[in-house]
Amino acid sequence: MADKAKVKRKRMKKTWDDWAFDIITNAFLVFFIIIVFYPLWFVLMASFSDPVHVNSGAALLFPRGFTLAGYKQVLEDARIWRGYGNTIIYVLGGTLIGTCMTILAGFSASRKDVFGNSVLIKLLMFTMYFGGGTIPTYMVIQKLGLLDTRFLMCILGSFSVYNMIVVRSFMANSIPEELYDAATIDGCGIGNFFFKIVLPLSKAIIAVIVLYIAVAHWNSYFNAMMYLLDASKESLQLYLRQVLIASQARAGVAASGEDAQLAEQLAEAAALIKYATIVVSTAPILCMYPFVQKYFVKGVMIGSVKG
Amino acid sequence: MKTRKWNKKTIMKSLKRNWLLYVFWLPAIIYIAVFAYAPMYGIQIAFRDYRFADGFFGSEWVGLKWFKKFFDAPRFWQILKNTLTVSIYSLVVGFPFPIILALVMNNMKNLKYKKFAQTITYMPHFISTVVLVGMMHIMFSPRSGVINTILGWIGLSGDYFFMGEPQYYIHMYVWSGVWQSMGWGSIIYMAALAGVDLSLHEAARIDGANKLQRVWYIDVPSIMPTICIMLIMRFGSVMSVGYEKVYLMQNALNTQQSEVISTYVYKMGLLNKQYSYSTAIGLFNSVINFILVVTMNKVVKKLSGSGLW
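Those sequence lines, one after another, are chains A and B. For the first sequence, counting from 1, position 253 maps to 253 in my numbering; every step adds exactly one. For the second sequence, counting from 1, position 209 maps to 209 in my numbering; every step adds exactly one.
One or more of the hints may lead you astray.
[Said to hold, decoys possible] Cut-off 25 angstroms, straight-line C-alpha distance, at most; resulting in silico cross-link-like pairs (BS3-like, lysine-lysine):
#	chain 1	residue 1	chain 2	residue 2
1	B	Lys-112	A	Lys-294
2	A	Lys-143	B	Lys-273
3	A	Lys-122	A	Lys-112
4	B	Lys-301	A	Lys-122
5	A	Lys-294	B	Lys-273
6	A	Lys-298	B	Lys-114
7	A	Lys-112	B	Lys-9
8	A	Lys-196	B	Lys-13
9	B	Lys-109	A	Lys-298
10	A	Lys-233	B	Lys-245
11	B	Lys-115	A	Lys-203
12	B	Lys-301	A	Lys-112
13	A	Lys-14	B	Lys-114
14	B	Lys-112	A	Lys-298
15	A	Lys-298	A	Lys-196
16	A	Lys-112	B	Lys-5
17	A	Lys-122	B	Lys-302
18	B	Lys-13	A	Lys-122
19	A	Lys-122	B	Lys-8
20	B	Lys-298	A	Lys-122
21	B	Lys-13	A	Lys-112
22	A	Lys-112	B	Lys-8
23	A	Lys-122	B	Lys-273
24	A	Lys-112	B	Lys-16
25	B	Lys-65	B	Lys-267
26	B	Lys-112	A	Lys-14
27	B	Lys-273	A	Lys-14
28	B	Lys-273	A	Lys-233
[Said to hold, decoys possible] Residues from chain A shown here face chain B by an in silico Cβ test under 7 angstroms; the list is partial:
#	residue
29	Val-36
30	Leu-124
31	Gly-131
32	Thr-134
33	Asn-219
34	Lys-274
35	Pro-290
[Stated by the list, open to error] To give an idea of the chain A side of the interface with chain B (calculated C-beta under 8 angstroms), a few residues:
#	residue
36	Asp-17
37	Leu-40
38	Phe-42
39	Met-101
40	Met-226
Hints are computed from structural coordinates only; laboratory data are not their basis. Even for Gly, the Cβ is constructed at its ideal location relative to N, Cα and C.
Turn these sequences into a full structure, and let the hints steer you where they fit.
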């Protein structure tokens, strides 16, 4: 018995090169994790710290001079809440419309023996690789009178052919054709088949699509910048752009000029608010994400398998 | 999917049985018609001298005037060069990292640790471009930024204006991209690695192969098809650099280095109101992109037997 264990241990014993391999790969991974995580941690920590300590480098790992002044300022900022409210409207509206469009079209595309399906799919897929471009799209939207409307902000980018193909692959591969045959023999129409059988079996893919659309809507700024005129409709990202980037670029350019001292002071005071703003605007997504990570990953996997 | 032969009878049967599917198609088709095909129809203003007063069809047909204007513009080569430089630099630097990360993560025996590493490295994918660039602005700002503070400690001037001065622009752009997309990009390789037959590893281990050898001779060849396809796809998009991040990182100092086709189109079109000129530039870019994608898809098809379509 003891002998056997000894033999086993001997066989399992790592050689020096395996040790080296493990050490190096672990070091690599730890390095990657730190590189990725540290900036996020830094922002979170800096949002609670006295900016003097942050700027002097005294608060590099843990908060120092704990303060909620940044958050207080952010919470009192009416514009960020307006942006928040608008973004929530756009995300909810866009996700609802987009998910319905994607799931319905994806189901239709997944069915075999439907006249015209292959042509429709090709027509849709063509638009993944060729488009009218920025200006003609803008002009179409202008012609339709959709400029500066909340409806446009919801609907724009809510449907993507890529997502539809993900849905199609999922439905074509995971819902056996026999199920359809059995259902139709029992007198169930295709509508009943979809609502009673396919939808309940597609919860996972619906979650994938909902999350994809919602995150994309939450994070997009360019459409809002291009198509919105009225500040009262501005989205969160559009507001963030002003707070985080436009002001910073100005301060930076000034800092290289004469008013360096003044600019530095301004930058210091503004930094705290910026950290807090980043946390407030990004936390909902980053807090939710680990719990639904599997759905995102699933989406990538299905998307990588050609339908 | 096999396309079947259609005749009048089977068409009628399909229509009767599947009419609801066409209703299901409808919203998506309307969406694509409005936001993709209608703009494609509008491309013709690239060949016209569009004036608001003359309207869409009333505007004079000018042929290739705008294309010539763009090719002759002094900035043409600069913009083309910027577009290709930023794209190829991103490709060369950004491509290997997800693969290395996937290989490393795949070798972690502790599942909890592996999951943790995945969760952390995927995270930046969910940060918006605005927040990413905003974070860079604060952390890399001259003097007060944390990076410059650290550089100051190790004896450098600590006064680098990373987000402003043009010589840093491209590195900032590319490496922040690596930071943001490295983890997410590794998913596809993780999936490929999950499909590697464990008995191969077992057999190699018994034959005395060490871990590095097993990675090199089993894991890497197993994911090679995925690597090739991903690489070819990336070549297909080498001329399409999105405007979102570039536009955010642009400032008065670095425009010369940072201007790419998509940002130029946006500025010329919507800010300078040169609709026709800007549409022509956009069309030039789209056509090249399309040719590249189609070519690369052919290559993939030849190599792996199945392409994107």
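Hint check:
{"no.": "1", "hint": "B:Lys-112 with A:Lys-294", "verdict": "14 angstroms, holds"}
{"no.": "2", "hint": "A:Lys-143 with B:Lys-273", "verdict": "16 angstroms, holds"}
{"no.": "3", "hint": "A:Lys-122 with A:Lys-112", "verdict": "15 angstroms, holds"}
{"no.": "4", "hint": "B:Lys-301 with A:Lys-122", "verdict": "17 angstroms, holds"}
{"no.": "5", "hint": "A:Lys-294 with B:Lys-273", "verdict": "45 angstroms, violated"}
{"no.": "6", "hint": "A:Lys-298 with B:Lys-114", "verdict": "17 angstroms, holds"}
{"no.": "7", "hint": "A:Lys-112 with B:Lys-9", "verdict": "17 angstroms, holds"}
{"no.": "8", "hint": "A:Lys-196 with B:Lys-13", "verdict": "23 angstroms, holds"}
{"no.": "9", "hint": "B:Lys-109 with A:Lys-298", "verdict": "22 angstroms, holds"}
{"no.": "10", "hint": "A:Lys-233 with B:Lys-245", "verdict": "22 angstroms, holds"}
{"no.": "11", "hint": "B:Lys-115 with A:Lys-203", "verdict": "23 angstroms, holds"}
{"no.": "12", "hint": "B:Lys-301 with A:Lys-112", "verdict": "24 angstroms, holds"}
{"no.": "13", "hint": "A:Lys-14 with B:Lys-114", "verdict": "21 angstroms, holds"}
{"no.": "14", "hint": "B:Lys-112 with A:Lys-298", "verdict": "19 angstroms, holds"}
{"no.": "15", "hint": "A:Lys-298 with A:Lys-196", "verdict": "23 angstroms, holds"}
{"no.": "16", "hint": "A:Lys-112 with B:Lys-5", "verdict": "13 angstroms, holds"}
{"no.": "17", "hint": "A:Lys-122 with B:Lys-302", "verdict": "21 angstroms, holds"}
{"no.": "18", "hint": "B:Lys-13 with A:Lys-122", "verdict": "23 angstroms, holds"}
{"no.": "19", "hint": "A:Lys-122 with B:Lys-8", "verdict": "22 angstroms, holds"}
{"no.": "20", "hint": "B:Lys-298 with A:Lys-122", "verdict": "17 angstroms, holds"}
{"no.": "21", "hint": "B:Lys-13 with A:Lys-112", "verdict": "13 angstroms, holds"}
{"no.": "22", "hint": "A:Lys-112 with B:Lys-8", "verdict": "17 angstroms, holds"}
{"no.": "23", "hint": "A:Lys-122 with B:Lys-273", "verdict": "34 angstroms, violated"}
{"no.": "24", "hint": "A:Lys-112 with B:Lys-16", "verdict": "15 angstroms, holds"}
{"no.": "25", "hint": "B:Lys-65 with B:Lys-267", "verdict": "19 angstroms, holds"}
{"no.": "26", "hint": "B:Lys-112 with A:Lys-14", "verdict": "22 angstroms, holds"}
{"no.": "27", "hint": "B:Lys-273 with A:Lys-14", "verdict": "68 angstroms, violated"}
{"no.": "28", "hint": "B:Lys-273 with A:Lys-233", "verdict": "23 angstroms, holds"}
{"no.": "29", "hint": "Val-36", "verdict": "5 angstroms, holds"}
{"no.": "30", "hint": "Leu-124", "verdict": "6 angstroms, holds"}
{"no.": "31", "hint": "Gly-131", "verdict": "6 angstroms, holds"}
{"no.": "32", "hint": "Thr-134", "verdict": "5 angstroms, holds"}
{"no.": "33", "hint": "Asn-219", "verdict": "4 angstroms, holds"}
{"no.": "34", "hint": "Lys-274", "verdict": "6 angstroms, holds"}
{"no.": "35", "hint": "Pro-290", "verdict": "5 angstroms, holds"}
{"no.": "36", "hint": "Asp-17", "verdict": "4 angstroms, holds"}
{"no.": "37", "hint": "Leu-40", "verdict": "7 angstroms, holds"}
{"no.": "38", "hint": "Phe-42", "verdict": "7 angstroms, holds"}
{"no.": "39", "hint": "Met-101", "verdict": "4 angstroms, holds"}
{"no.": "40", "hint": "Met-226", "verdict": "6 angstroms, holds"}
The structure does not agree with the numbered hints 5, 23, 27 stated previously, though it agrees with the rest.
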